[in-house]
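Just so you know, the protein sequences line up as chains A and B, in that order.
Heads up, the first sequence is in the working numbering, so the first residue is 105 and it goes up one at a time.
Heads up, the second sequence is in the working numbering, so the first residue is 105 and it goes up one at a time.
It cannot be assumed that every hint is accurate.
A pair holds if it fits inside one copy or across any two, identical chains being indistinguishable in the list.
[Unchecked claim] Distance condition first, Cα-Cα at most 30 Å in a straight line; then the derived DSS-like pairs of lysine-lysine:
id: 1; residue 1: K337; residue 2: K162
id: 2; residue 1: K197; residue 2: K184
id: 3; residue 1: K406; residue 2: K502
id: 4; residue 1: K502; residue 2: K158
id: 5; residue 1: K151; residue 2: K339
id: 6; residue 1: K387; residue 2: K184
id: 7; residue 1: K320; residue 2: K339
id: 8; residue 1: K387; residue 2: K320
To be clear, the hints were calculated from the coordinates, so they are not data collected in a lab.
2 protein chains.
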Amino acid sequence: MNIAVAQSGGPTCAINASLIGVFRQALRTPAIDAVFGSINGIEGIIKDELIDLKLVIKTNEDMELLRQTPSTVLGSCRYKLPRTEEDSAVYEKILACFERHRIEAFFYIGGNDSMDTVVKLSAYLKEKGSSVKVIGIPKTIDNDLPVTDHTPGFGSAAKYVAATVQEIIRDSSVYSIQSVTIVEIMGRHAGWLTASACVLRANDELAPHLIYLPEKKFSVEQFVEDVRAMMAKHKAVVVAVSEGVEIPEENCRSGVVDNFGHEYLSGVGKALENIVRREIGCKVRSIELNVMQRCSSHICSKTDIDEAELIGAKGVEAALAGETGKTMVFKRLSDIPYVVKVESAPAELVANKEKFFPPEWINDQGNDVTEAAFRYFLPLIQGEVNIAMRNGMPLHFKLR
Amino acid sequence: MNIAVAQSGGPTCAINASLIGVFRQALRTPAIDAVFGSINGIEGIIKDELIDLKLVIKTNEDMELLRQTPSTVLGSCRYKLPRTEEDSAVYEKILACFERHRIEAFFYIGGNDSMDTVVKLSAYLKEKGSSVKVIGIPKTIDNDLPVTDHTPGFGSAAKYVAATVQEIIRDSSVYSIQSVTIVEIMGRHAGWLTASACVLRANDELAPHLIYLPEKKFSVEQFVEDVRAMMAKHKAVVVAVSEGVEIPEENCRSGVVDNFGHEYLSGVGKALENIVRREIGCKVRSIELNVMQRCSSHICSKTDIDEAELIGAKGVEAALAGETGKTMVFKRLSDIPYVVKVESAPAELVANKEKFFPPEWINDQGNDVTEAAFRYFLPLIQGEVNIAMRNGMPLHFKLR
């Protein structure tokens, strides 16, 4: 039998490690012959654009290098399957591709949209009497998938955020005048990644002094009061804010209008910078961590990369045990010592759903997170991967 | 005898390594008793805010940790000394501080403004018959100081830019649709740091496909033509642009106006993003590397950190040999193998001056740099410092 694997959604540092998990487990499984990689997610299956991964991942060095290469080596897509009632042609193409290449199991590494594909495709195949198994392998830096304790890719993003915010704290503290630094962190609806900056307390950092998440209603008045209170105690105030925080009064727009009269959508960091400048008038700067949060493999979390590989491997085991329409998930057994196990769950519990940051982990004032959040996050950023370097730069695996 | 050291100007990853260079050389020199650290640059001398560094840097571990901690552990300032004719009181305070603490040599780690302080202060002291020596130790991520081959702090910034742009290349290449990614890199007047992204060619990266520097006049029309030409060859085009590039037609403002009618000063990256969206209409994103360029010690260049320490140590040797009013500089003897030596130069050759990126290292079209530039940059990012980690995050040295 052969198997196929594809990657979908936004890039992370761990999505190639999950691919290696699938690949390496296949190598360990005598029943599996070829491992096909589908180019650009499910689109590669639909268009029959597959590559035989054994022809391109040839050595242990290749595997280790790909494991630590950010983004998706097979490319990605944002394609969502139609409902079978609407359009069955695309499903027929997928089934034809599976049959043509004797593919008995398909592994889809992605977020909640990709789990929707797992649900729809596995239901279609069952209905058609096909024995092909479909298993979802979760990934997202947003950490917003339900059921699973956390999501591969998140730990590395959190480690990057922690290291970078710590360096920004050093950078912002050099002058004798008072200053406010706003760091805008990814997460359109869920505040997990922004909240994770609290891990800096493990290294005795007092900053970020204020943390704002989309799960709590934001008040400009309260924000200005919070900043003033922190300025009374600290020379250089550092604020972590999630890109998903909505500022009703500002509408994240600050009234800025372009030539065509369209309002200019500045980020929330820039909006808060403007508020501080206007209301407090001190030195202020905003910093967007941007895509670096999801692709900075040079400072990835070993825990995250190892777990990403493990959950990929466990997905292969699940498929061979006959499971389908499932998403692999982590179940945490203990914070200290940190212990997780991998299970499978029905993909419909994950598909199209978001898991928000727990309200009970936000303090009453809505400007910080609790000790329980700190204990949750800290294990996820532990350990460093020995990054392969060439010419003073990280070496990446490339398909070419 | 005692000595004093201070740090000035914008933070870098190497400025504390130069402090350690001064400190460690002092430990090796029996004639030197105390090493005073001046808080917030020359302001600490003026206000007599000094700390005895031997009381806070106590172990080899402390030295190694401070060597790899970004920013300025003693704080910084933007203070420029007045001319002696205008205000001699401040000079009298400095001299009084030196005499009070038996300080016989003062080392000022900073950029071209700080070298102005070295020039003025050494001239004043000579005139007053004081034997105190004043030596400048260069630093700036901008690499724009004359005389010296390059500047401590630059190599680490260039290594961060290379690693990060490489990760952005991976991130931007995942989808099947065409895209343009604009990366805005620091350098208000000089394009060194932006140009250094060319080192990625050593790792077979084709991107950044286009490089724009402030040293070459920018044309929007030519830019759009350049991007279109690259899009014909590459699915995901990556552009490196210096923040100092002036866009006459756009004025870096894109006509965006705030509530008060003030034009909104977006960065050049955002301006180019707007141009691509308007003129080409493809998927486009701009990314500002922001202060991370100057403080990301977790991926600093060992060559840079070692050289920063060396040039600090050599400054102490120069002062003890009787030199004053000098700036320490690197002279490159060879690219391959890379060999530099440290010399001293009259500080007035460096003070208040800028060294621009050589026009002969820019290609005729003004959208790339030459092989000679590549050979210049590559040695500066070599080697990795073994970063001390605690709780999954880099450990920083703090005064407290």
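Now the hints, each set against the structure:
1. K337 / K162: Answer is between; shortest inter-copy Cα gap is 29 Å, intra-copy 57 Å.
2. K197 / K184: within (15 Å within a copy, 72 Å between copies)
3. K406 / K502: Intra 21 Å, inter 27 Å, cutoff 30 Å: intra and inter.
4. K502 / K158: within (14 Å within a copy, 50 Å between copies)
5. K151 / K339: Classified as between; 19 Å across copies, 58 Å inside a copy.
6. K387 / K184: between (46 Å within a copy, 20 Å between copies)
7. K320 / K339: within (27 Å within a copy, 40 Å between copies)
8. K387 / K320: Classified as within: same-chain Cα gap 27 Å, cross-chain 32 Å, threshold 30 Å.
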